[in-house]
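Novice: Sequence:
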Amino acid sequence: MALAVLYTFRRCPYAMRARLGLLLAQCNVEVREITLKAKPAQMLAASPKGTVPVLVLANGEVIAESLEIMRWALTQADPLDLLCQQSPVIEDKMAQLITQNDQQFKPWLDRYKYADRYPEQTQADYYQQASHFLTQLEACLGQHSFLVAETPRLADYAIVPFIRQFAAVDLKRALSDDFPRLAAWLENLISSEIFIRAMEKYVIWDASHSPTCLLGDM
Numbered sequence: 001m002a003l004a005v006l007y008t009f010r011r012c013p014y015a016m017r018a019r020l021g022l023l024l025a026q027c028n029v030e031v032r033e034i035t036l037k038a039k040p041a042q043m044l045a046a047s048p049k050g051t052v053p054v055l056v057l058a059n060g061e062v063i064a065e066s067l068e069i070m071r072w073a074l075t076q077a078d079p080l081d082l083l084c085q086q087s088p089v090i091e092d093k094m095a096q097l098i099t100q101n102d103q104q105f106k107p108w109l110d111r112y113k114y115a116d117r118y119p120e121q122t123q124a125d126y127y128q129q130a131s132h133f134l135t136q137l138e139a140c141l142g143q144h145s146f147l148v149a150e151t152p153r154l155a156d157y158a159i160v161p162f163i164r165q166f167a168a169v170d171l172k173r174a175l176s177d178d179f180p181r182l183a184a185w186l187e188n189l190i191s192s193e194i195f196i197r198a199m200e201k202y203v204i205w206d207a208s209h210s211p212t213c214l215l216g217d218m
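Going by the UniProt record's numbering, the first residue of the sequence shown is number 1, and it counts up by one from there.
Honestly, the hints are just simulated from the structure, not real lab data. Among the clues, some could well be false.
[Stated by the list, open to error] Taking lysine-lysine pairs in the DSS-like style, the calculated list, with each CA pair at most 25 Å apart, reads:
1) K106 <-> K39
2) K39 <-> K49
3) K37 <-> K93
4) K93 <-> K106
5) K172 <-> K113
[To be verified] Restraint-style ranges between C-beta atoms, simulated for each label pair:
6) E187 <-> Q26: 23 to 29 Å
7) D116 <-> N188: 29 to 35 Å
8) Q121 <-> P180: 22 to 28 Å
9) A184 <-> P40: 25 to 31 Å
10) A58 <-> E120: 42 to 48 Å
11) V89 <-> K37: 18 to 24 Å
12) Q26 <-> D177: 33 to 39 Å
13) A207 <-> T99: 34 to 40 Å
14) S87 <-> A184: 32 to 38 Å
It should be emphasised that the depicted structure is a prediction, and the values quoted were computed from it without experimental measurement. Glycine residues also receive a C-beta, built at the ideal position from the N, C-alpha and C atoms.
Work the whole structure out from these sequences, hints included.
Specialist: Next up, the structure:
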């Protein structure tokens, strides 16, 4: 039986999000690690926009958005109830947090990380702008062990790659100084078995390689 094919780049937070979703849903896929400097023609044929992740299903359907890949995978199997489909209030809260992460926090994260490309403000200014979302997450973690519940849900796994990236911008500035609950949440998730597996290193794919499977059994 043909497997779905995932084009991915290990350090991309959107690709991390997709890999986490596939692992959590226990989906077996063929992994094709790419380099952004030489994107494979097969990936570009499937998704001309040229960004990762790209999931090509066995029937030829293409999913080229990270959150859509997570939702597709968890629709196949959701053994940990990450989608919370029986809890509309939690579903709505997760959707709000993920939207804020993607549309509001991510642009400030990029400016904070690459402040030299955005000289209009200082890196400290960008930190403060990004911190508005982090303050909201810190408040969520004052109510639950994770963002919307006492165990991780879709929102936690969808957002954690971006908080990890934020925390790594300035290693001299500990996230715990301003956001102690968020720092503990981050450490909990990135030290988990599922995240470690999602960050496994693969050789750069080319057409001569045998398929590499990202095994979804936990």
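Novice: For every hint, state whether the structure bears it out.
Specialist: Status of the hints after comparison with the structure:
no., hint, verdict
1, K106 <-> K39, "24 Å, holds"
2, K39 <-> K49, "11 Å, holds"
3, K37 <-> K93, "37 Å, violated"
4, K93 <-> K106, "18 Å, holds"
5, K172 <-> K113, "14 Å, holds"
6, E187 <-> Q26: 23 to 29 Å, "25 Å, holds"
7, D116 <-> N188: 29 to 35 Å, "32 Å, holds"
8, Q121 <-> P180: 22 to 28 Å, "26 Å, holds"
9, A184 <-> P40: 25 to 31 Å, "39 Å, violated"
10, A58 <-> E120: 42 to 48 Å, "47 Å, holds"
11, V89 <-> K37: 18 to 24 Å, "45 Å, violated"
12, Q26 <-> D177: 33 to 39 Å, "38 Å, holds"
13, A207 <-> T99: 34 to 40 Å, "38 Å, holds"
14, S87 <-> A184: 32 to 38 Å, "24 Å, violated"
Violated hints, listed in ascending order, are 3, 9, 11, 14; each of the other numbered hints is respected by the structure.
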